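Protein chains in written order, with my numbering: chain A, 1 to 605; chain B, 1001 to 1235.
You may find that some hints are simply not true.
In silico contact screen, one side only, chain B against chain A (beta carbon under 7 Å); selected entries [to be verified]:
1. G1047
2. S1048
3. C1049
4. I1084
5. F1125
6. V1161
7. R1172
8. K1234
List of simulated lysine-lysine pairs, DSS-like, C-alpha gap at most 30 Å [claimed, not checked]:
9. B:K1209 with B:K1018
10. A:K542 with B:K1234
11. B:K1018 with A:K543
12. B:K1196 with A:K368
13. A:K368 with A:K219
14. B:K1016 with B:K1209
Because the hints were derived from the structure by calculation, they are not lab data. None of these values were measured; they are calculated from a predicted model. We put the CB at the ideal spot given by N, CA and C, even for glycine.
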Amino acid sequence: MSDSLQQKIQEICQSSNNDRVRMMDIVQGVQKELGCVSSEAMSIIAKATKSHHVEVESVVSFYSFLSKEQKGKTVIRLCNDTVDRMKGCEKVAEALSSELGIGFSETTADGKITLEYTPCIGMCDQAPAALINDVVAPSLTVEKVKEIVQNLKKDADPSKLSLGIGDGNNVDSLVRSAVKNNILKTGDVIFTDNESGKGLENALALKPEEVVEAVKVSKLRGRGGAGFPTGLKWQFTRSAEGKEKFVICNADEGEPGTFKDRVLLTEKFDLLFEGMTIAGYAIGAATGILYLRGEYVYLKKFLEAKLQERRDQGLLGDSIKGKDGFNFDIRIQSGSGAYICGEESALISSCEGLRGDPKTRPPFPAQKGYLASPTSVNNVETLCSATRILEKGSDWFLSIGSRESSGTKVLSISGYCKNPGIYEVPFGTKVFDLLKEVGAEDAKAVLVAGPSGQFIAPNEFSRVICFSDLGTGGAIIVFGPKCDLLKAVHEYMEFFVEESCGYCTPCRVGNVLLKKKLEEIMEGNGQPADLDYLQSLGESVKKSSRCGLGQTSPNPILTTLKNFKPLYEALVKVSEDGMQPTFDIRAALGDAEQAAERKSVLYTD
Amino acid sequence: MSEKMITFKIDGVEIKAKVGQTIMQAADEAGVYIPRLCYLKDLTPHGSCRVCTVKVNGRCQTACTEPAVDGAEVENKTEEIEGIRRDIVDMLFVEGNHFCMFCEKSGNCELQAEAYRLSICAPKFPYLFPARDLDGTHPDIFIDRNRCILCGRCVNASRDVDGKTVFEFVGRGSEKKVAVNADANLGDTNMAITDKAADVCPVGAIIKKRVGFAVPVGKRIYDEKPIGSDIEAKS
Ligand SMILES: Cc1cc2nc3c(=O)[nH]c(=O)nc-3n(C[C@H](O)[C@H](O)[C@H](O)COP(=O)(O)O)c2cc1C
Ligand code: SF4
Ligand code: SF4
Ligand code: FES
């Protein structure tokens, strides 16, 4: 490695104060500069940050956007999520491959362009889509990708591509993205006019514990999927012992089919930053971190500018709004392609510059989170809702939605439907009403809450979106009459296998075994007993896995076994010769027959 | 006794525990054996293998990390829990390449011993036959990743006890593996035979050279008595 490169790496470390807690920023910086984090680079980083080579390697090897091997200057990551496949991603993939003359996971001979697949990038409403370095290329067609490749061959800089221009703040000079918001239904809480700053002003007029109380009374529950009561989480964090406390906003949005946080970040950043500030005041934190998924890095400059505006207005920094002793600021931490980092304790590990392994619980993040200090991790939409609660009052919030599920839910609806996009609905909305609205009344199945949720059949379309029935972080994926559901189930199992952190046995191995058995069945080699095998193995994985990923990953299989069993039953058959259908006796005898120079007399062709 | 004591039940039997103890620690002291693989007494418990899964008031938790709480009902030796444990031990067998009949750890191997204790004769899951690498570069210590069950003991021991960080995990999901603090080889690290990390591997993945058959097969730890007998002898 040249001296100037070595120096460059040292400078990158230096710009993060050689702080190993900022390892993510460091390795992201090096990846960008070198196109890889080579073993040599790891040694330099380890030396600068006083860590070990193997620790740096441990981090780099965990995240899919980081690599030890050299990547091209431009990396095209085509999203191969199930929704993208419904929308023709396979044809786009072929076109990319033939235009570039390489397969996926390969780099062109001149070392310029790498082609890869990536799971859901939060663009299901404009699928098929790809990431070209940090640039989002939505609504791809065969013609479009041909043009893109030709232009990239001339100029490797993807920001110079003409991909069209989106709407809303996507046209802002700091975003300049072709992404569209697709806000198709506005509601009373989030996508509505609000009095900016009022929520924070009201909060600061209260004592911190009164702010917590207001959120408790509003019955606000987490919008990230798990639905934990937000007020209670703030209370635990507030009362936990610790010199410092932290607010972390979870903008990792990795659940396939979810893209609502993308739109909230683009259009409702003020509600969000105000909510984080209110949370900081309520729990007694001076620092907030926005964990922005690597796929949304195209929004980073814009969001940073918005944070700066808030600092300039005295809404962040010391003595916010003149309130003595209330100091709070926010930094952005970007991720690097790992679904598991949406899990709150894994997200904290990632913020600490570690592999995205979830942490052992107890202690919970509210007791010991970021850098072992009490930490409240909240979803983007949760924090936006909190701002509105402080602005308009808990009673107002309670008057929206259903009895135990107050407020609205912002849904990301995509797949087989005429109008994919963002829908803000009050809790208590029925699935078939949603289907009518998106133009998918003949749906055959709906996947509620993404692959970690459940597949439901038409006889259940009268069920409602709320915490006591169909809870969801926001993903609603619709499957049409001609969709091959089992193929989708298989793709989702592939996703979980790919995204498991590998820390615990049942999730690391069990998901591979589930996927293999499903493949056998889909190939026509399954027996009726295999359905019990799937059921029992799936239950074991759910019960014994260490975190929410493994505790839900068998759901695509288990919920289709429950609600679409005939699909499986049509494929399995009782073996006629008493052998396992996967066992091919003729093939197994091949070698022996050749050696003996005669055919078996028992097992003939 | 000055320490505050609490009482809970394992399979209906009353167990006393000190405040702050895990279910595993309390059970060990009371002579109740809970199967385990990644847990080792002097290392920080981290709940990765999940073999010690028990049900605490109806919810699955790992005994090695879960604090004992007053009045809890813990299920340990039920059909459901043993079924889960069998599945997990099975998974660990098929995930790697375990040729027990000619592994020098046979008889001293905790994975094998747990399998026997759980009455597993052959795994019910299909073998995955992964390609894993060996590392014989160190003069005194040999790594055979075919047998590694990713328990993390070596990682923790080297970091927390030896203060060396010779080992760490790289990769994620089914690609996860133990790596060493060098470009590639254990021989290029500062690992020493006297390190705690050389002593903790439950299987035959980290083994000391030249002592493999000092004790003949048939006379080894678990040839004599099932794993956990020492703990059960206390009750
Ligand atoms: C595998 C996995 C992925 C998750 N991804 C996200 C995510 O992308 N965004 C999110 O807000 N919560 C996600 N969660 C839930 C978080 O762990 C956590 O519950 C949430 O951030 C808490 O915020 P809330 O209470 O405001 O919902 C995920 C959980 C798991 C197990
Ligand atoms: S359940 Fe999966 S993702 Fe969660 S800790 Fe275990 S291996 Fe990691
Ligand atoms: S080498 Fe041994 S101690 Fe280390 S993780 Fe593998 S099985 Fe555990
Ligand atoms: S011994 Fe408890 S999880 Fe491994």
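Comparing the hints with the structure gives:
Residue-level restraint check for B:G1047 holds (minimum Cβ-Cβ distance to chain A is 5 Å; threshold 7 Å). Interface hint at B:S1048: satisfied, since its Cβ lies 5 Å from the closest Cβ of chain A, which is below the 7 Å cut-off. Interface hint status for B:C1049: upheld, as the beta-carbon distance to the closest one in chain A is roughly 5 Å, under 7 Å. Proximity of B:I1084 to chain A holds as hinted, the smallest CB-CB distance being about 5 Å (cut-off 7 Å).
The closest approach between the C-beta of B:F1125 and any C-beta of chain A is roughly 5 Å, which is under the 7 Å cut-off, so the hint is satisfied. For B:V1161, the suggested interface contact is broken, since its CB lies about 16 Å from the closest CB of chain A, more than 7 Å. At a threshold of 7 Å, the smallest CB-CB gap from B:R1172 to chain A is about 5 Å, leaving the interface hint in force. Contact between B:K1234 and chain A, as hinted, is not supported at the beta carbon level, the nearest pair being about 27 Å apart and thus beyond 7 Å.
The straight-line distance between the Cα atoms of B:K1209 and B:K1018 is roughly 41 Å, outside the 30 Å bound, and the hint therefore fails. Under the criterion of a C-alpha separation no larger than 30 Å, the hint pairing A:K542 with B:K1234 is inconsistent with the structure, at around 34 Å. Restraint check for B:K1018 and A:K543: satisfied, since their Cα atoms lie roughly 28 Å apart, inside the 30 Å limit. A distance of roughly 29 Å separates the Cα atoms of B:K1196 and A:K368; the hinted pair therefore holds under the 30 Å criterion.
With a C-alpha separation of about 25 Å, the suggested pair A:K368 and A:K219 falls inside the 30 Å cut-off, and the hint holds. Annotation: proposed proximity of B:K1016 to B:K1209 is violated, straight-line Cα distance about 43 Å (limit 30 Å).
Hint compliance for this structure: hints 6, 8, 9, 10, 14 are broken, all remaining hints hold.
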